[in-house]
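Undergrad: Listed in order, the protein sequences are those of chains L and Y. Just so we're aligned, residue 1 is where the first sequence starts under the numbering used here, counting upward by one. Just so we're aligned, residue 1001 is where the second sequence starts under the numbering used here, counting upward by one.
Treat the hints as calculated values from the structure; they're not laboratory data. Just so we're clear, the structure is a prediction, and the values are computed from it rather than from any experiment. Be aware that a few hints might be false.
Unchecked claim - With beta-carbon atoms standing in for the labels, derived distance ranges:
| # | chain 1 | residue 1 | chain 2 | residue 2 | range |
| --- | --- | --- | --- | --- | --- |
| 1 | Y | Gln1121 | L | Cys106 | 33 to 39 Å |
| 2 | Y | His1010 | L | Ile237 | 18 to 24 Å |
| 3 | Y | Ala1110 | L | Ala113 | 32 to 38 Å |
| 4 | L | Leu226 | Y | Ser1055 | 49 to 55 Å |
| 5 | L | Ile221 | Y | Gln1121 | 33 to 39 Å |
| 6 | Y | Pro1026 | L | Arg159 | 55 to 61 Å |
Unchecked claim - Selected chain Y positions facing chain L (in silico; Cβ < 7 Å):
| # | residue |
| --- | --- |
| 7 | Gly1049 |
| 8 | Tyr1078 |
| 9 | Pro1084 |
| 10 | Glu1088 |
| 11 | Thr1090 |
| 12 | Val1101 |
| 13 | Leu1104 |
Just so you know, even glycine gets a beta-carbon here, dropped at the ideal spot from N, CA and C.
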Amino acid sequence: MMGHVWTIARRELRAYFATPVAYVFIVIFVALSGVFTFYLGNFFEREQADLTPFFGFHPWLHLVLAPAVSMRLWAEDRQSGSVELLMTLPIAAWQAVLGKFLAAWCFIAVALALTFPTWITVNYLGEPDNGVIIAAYCGSVLMAGAYLAIGACISAACRSQVVAFVTTVVVCFGFLLAGFPLVLDAFAGWAPEVLVDTIASLGFLTHFNAISKGVLDARDILYFLLVIAAFLYANAIVLDLGRGN
Amino acid sequence: MIRAESLSKHYGPIRAVDGISFTIEPGEIVGLLGPNGAGKTTTMRMCAGYLAPTSGSVKVHGFDLLTETIAAQKTFGYLPEGAPLWGEMTPRAFLDFIADVRALEGERRAERIGKVVALLQLESVLDQRIETLSKGFRRRVGLAQAILHDPPVLLLDEPTDGLDPNQKHEVRELIRGMSSDKIVVISTHILEEVEAVCSRAIIIAAGRIVADDSPGALAAQSDSRRLDRVFRRITTGEPG
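Excised from the complex, chain Y in its bound form (with noise of 0.2 Å):
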C-alpha cells in the first residue's frame, strides 16, 4: 500500500506539490496524470525517496520515506523520468549490479535476470555499451532494472517516453501483466495510455490532485465520453 498524507514540496514561493493525499491498494494500476510541470515528477521523486517533502508524508509498505528510507526502497522498483543510467556499462553489467544491490542469489538471480532479458527482448544488446544504445532500448533496460526484484509496487515515470508505437504497446502488455497484487503507479500524460491500462486516474494540476476517479467514471463526465476533453476541462477550466 502507498499512503501519501498531505504530500507538499515547496521551492521557495512555488508550490511544486501542494498538500496532495492519496491510498493506493495492491491491485491497483493508477495513472499519475497532469500537464507537464503539474508535479508529476515530484511526487514520483517523493514516493521514491529521493527528494524530502517540505511537509506531509509518504508511506510504502507502512515504511516512511524519510525516516525508513532503505526498507521502503527495498519494496519498490522505480523507473526515474528519463531512465538515466550509467553509459559506459553493457546492461549485463548493469543488471549484475542491480542484482547484487537488490540482494538477488543464486537461482533466483539467474532466473531473474534470465526472465527480464526475455521480457524486455534484451538479449541481442546485452554486451553493448548502454551508450550506444537505442532510446527505446535503454528505456527499456531502465523497465528491466526496475522489475528485476520482482518488487509488489512498481513506480514508473514516464515509461514509455520516447518509444515507438510498437515499443509502446509491449510495455503497456507488460504492465497489464503484472500480476493482480502488485501496485503499480506511472505518470504520464498520455491520456491513452492511462485509458488503456490503468484502473484509476490521479489528475494532477498546479500541484494539487484535481480528479482521482477510474478512467472510465472520469470520461464519463464529458458529454463526447473523451477522456481529453474532461482532461482539458479539469486542468485549464475550458469547458470540455
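Here chain L stands alone, though its shape is the one from the complex (with noise of 0.2 Å):
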C-alpha cells in the first residue's frame, strides 16, 4: 500500500530537482535565514547563544517559502493535462496525495537542513541548549508541512500555480495570525476567555513557539499532524470532485 506512495514522492521529489528551481529555492531558503537571523534578529548583539532569532522568523519565512513549493503539486499537473494520466494509473488518490505531500515535505526539510551552519555558527559561539534546537527544528518541519498541506489541497482546486500560491499565502496566513496578539487583543477586551483561547489554539504560531522554546508538547505535535491530516484529506476530496465534473 505504502509501495505507491514512495513510487509517487520519488517522481515528485526528483521533479524538484530535475530544474534549476530547486536549487535557486534553496539558496533563497538559506540565505534568507541568514539574513533575518543576523540582521534584523540581531543574532551577535543578543550575546546570548540560542537560535530564537533565527526560528522566530520561520513562521513567516515558510508563509512565502512554502506556497512556493506546493503550488505546483496539482496546478501543474491540471495545467498540462497529465492529471489525467496520474488517476487513471492502478493508484489510489489517497496515495498519490500522500505521496505527492512526502515530496513537498522532505523538499523543505533539505532545505531546512542546510541551515545547519548557523547551528555550527551557535556551538562555535558558546554553548546553547541543543536539545532546544532540536525541538525547535522539529517545530518548524512541522509547521512547514501544515503550510505545504493547505497548499497541497488549494493546488488540487487550481489550474494556475499563480492563483495557487497567492491563494496559499493568504489562508496560511489567516493560520499563522490566528494565534496573534494583533488577533487575539482585538477579541480579549470583550469576548468570553474561551473564544479567545480557541482563537489562539488555532494560530501556527502559539503551537511553534511553545515548540521552539524546546516545550515538545504531545498536543502541539498533534495540533500540526491533525492540520495536516484533515487538509491531506480535503485534497483527496477536492480531487474526487474533479471526477464528478
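Reassemble the complex: the two chains are provided individually, in unrelated frames, and hints are given to aid placement.
TA: Here's what the structure looks like:
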C-alpha cells in the first residue's frame, strides 16, 4: 500500500530537482534565514547562545516559501493534463495525495537541513541548549508541513500555479494570524475567554512558539499533524469532486 | 470485456454523453468514431475511470470503474487525449516509474521495458527530457506507457494524432499486431484509420450512438461504398 506512495513521492521529488528552480529555492531559503537571523534578528548583539532569532522568523519564511513549493503539486499536472494519466493509473487518490505531499515535505526538510551552518555557528560561539534547537527544528518542519498540506489542497483546486500560490499565502496567513496578539487583543477586551483561547489555539504561531522554546508538548505536535491530515483529506475530496466534472 | 450501460455524462444542461450502451468482447478492435465534440473523449475518460458518469455504469473485466476503480485500472492501458506526460522526465525514468506503478519486477520488468522500447523505437531518445522530444516521439512514449504491462484491454484516445504518415502506419501495425484475445478501443475522427485497423466501428454524434457495425458493413450503406459518405450522412443528416 505504501509502495505506491513512495513511487509517487520519488517521482515528485525528482521533478523538483529536475530544474534549477529547486536549487534557486534552497539558496534563497538558506540565504533569507541567514539574513533574518544575523541582521533583523540581531544575533550577535543579543550575546546569547541560542537560535531564538533564527527560529523566530521561520513562521514568516515558511509563509512565503512553502506555498511556492506546494503550488505546483497539482496545478502543474492539471495544466499539462498529466493529472489524467496519474488518476487513470492503478493508484488510489490517497496514495497520490500523500506521495505528493511527502515529496514537498522532504524538499522543505532538505532546505531546512541546509541551514546547519547557523547551528554550527552558535555552537562555536557558545554553549546553546541543543535540545531546544532540535525541538525548534522539529517545530519548524511540522509547521512547514501544515503550510504545505494547505497549499497542496489549494493547488488541487487550481489550474494556475500563480493563483494557487497567492491563495495559499492568504489562507496560511490567516492560520498564522489566528494566534497573533494583533488578532487576540481585538477579542481579549470583550469576548469570553473560551473564544479567545480557541482562536489562539488555532494559530500556528502559538503552537510553534511553544515547541521552539523546547517544550515538546504532544498537543502541539498533534495539532500540526491534525492540520496536515485534515487538509490532505480535503485534498482527496477536491480530487474526487474533479472526477464528477 | 467492456460493458457500458446507459452511460451518461451531463455538464449542467449539456449532455456530453447521453445514455450510450455497448459491449466489447476480447478480440475486437473497436473504433470510437465521431465528429469533434461528439463525446468520444468523455466516453473514453469514463471508461478509464477519470470521470465519474452522471448516470449509468461502465465495467471492465467485471470491475465497475466507479466503485472498483483500482482493480479495473489494473486491467487496462490508457493513452489520454493529447498524450500528456511529465516533461521533465526522460522516457527511461518515465517507463521506470510506470513499471513501478504496474508492479513489474525482475526479469519481466526488464523484458517488458526492452520490448516496448524496441517496438516504439525509443532507444535513441531514452535519456532526453520528454519536453524536448518531437510530437511523434511523445505520442510513442505515451503508447509505450499504455502497453508496458501487456494489458488485456487497451484504451487509446486519438493514438495517431500528430504523427506523420509513416509513424501512423507503424502505430496501426502495432495495434493490428496486438494478440487476438485483447480488446483495443481507439477513439478517432480519422476514417481511414478505422477502415485500416478496426473490426468494429461505433459512431457517436451528440453524445449518442448512431451506428454500431463493422466498417465494411457501414461503408456498404453508401452506393459509393465509402465510409466518409456514410459518416457524413449519419452524423449530419446530409445525404451521403
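Undergrad: Hint by hint, say whether it matches the structure.
TA: Each hint, compared with the structure:
1. As the Cβ distance of Y:Gln1121 to L:Cys106 is approximately 36 Å, the hint placing it in 33 to 39 Å holds.
2. At roughly 21 Å, the beta-carbon separation of Y:His1010 and L:Ile237 lies within the given 18 to 24 Å, and the hint holds.
3. About 36 Å separates the C-beta atoms of Y:Ala1110 and L:Ala113, a value consistent with the hinted range of 32 to 38 Å.
4. The supplied range of 49 to 55 Å is broken by L:Leu226 and Y:Ser1055, whose beta-carbon atoms lie about 37 Å from each other.
5. For L:Ile221 and Y:Gln1121, the Cβ-Cβ distance of about 54 Å falls outside the hinted range of 33 to 39 Å, so the restraint is violated.
6. Between Y:Pro1026 and L:Arg159, the C-beta spacing of about 39 Å breaks the proposed range 55 to 61 Å.
7. Evaluation of the Y:Gly1049 hint against chain L yields a held restraint, the C-beta minimum of about 6 Å falling below 7 Å.
8. Below 7 Å, beta-carbon pairs count as interface contacts, and Y:Tyr1078 has one with chain L at about 5 Å; its hint therefore holds.
9. With its C-beta approaching chain L no nearer than about 3 Å, Y:Pro1084 sits inside the 7 Å limit, and its interface hint holds.
10. Proximity of Y:Glu1088 to chain L holds as hinted, the smallest CB-CB distance being about 4 Å (cut-off 7 Å).
11. Proximity of Y:Thr1090 to chain L is violated relative to the hint, the smallest CB-CB distance being about 9 Å (cut-off 7 Å).
12. A hinted interface residue such as Y:Val1101 counts as satisfied when its beta carbon comes closer than 7 Å to some beta carbon of chain L; here the least separation is about 5 Å, so the hint holds.
13. Proximity of Y:Leu1104 to chain L is violated relative to the hint, the smallest CB-CB distance being about 12 Å (cut-off 7 Å).
When each numbered hint is compared with the structure, violations occur for hints 4, 5, 6, 11 and 13.
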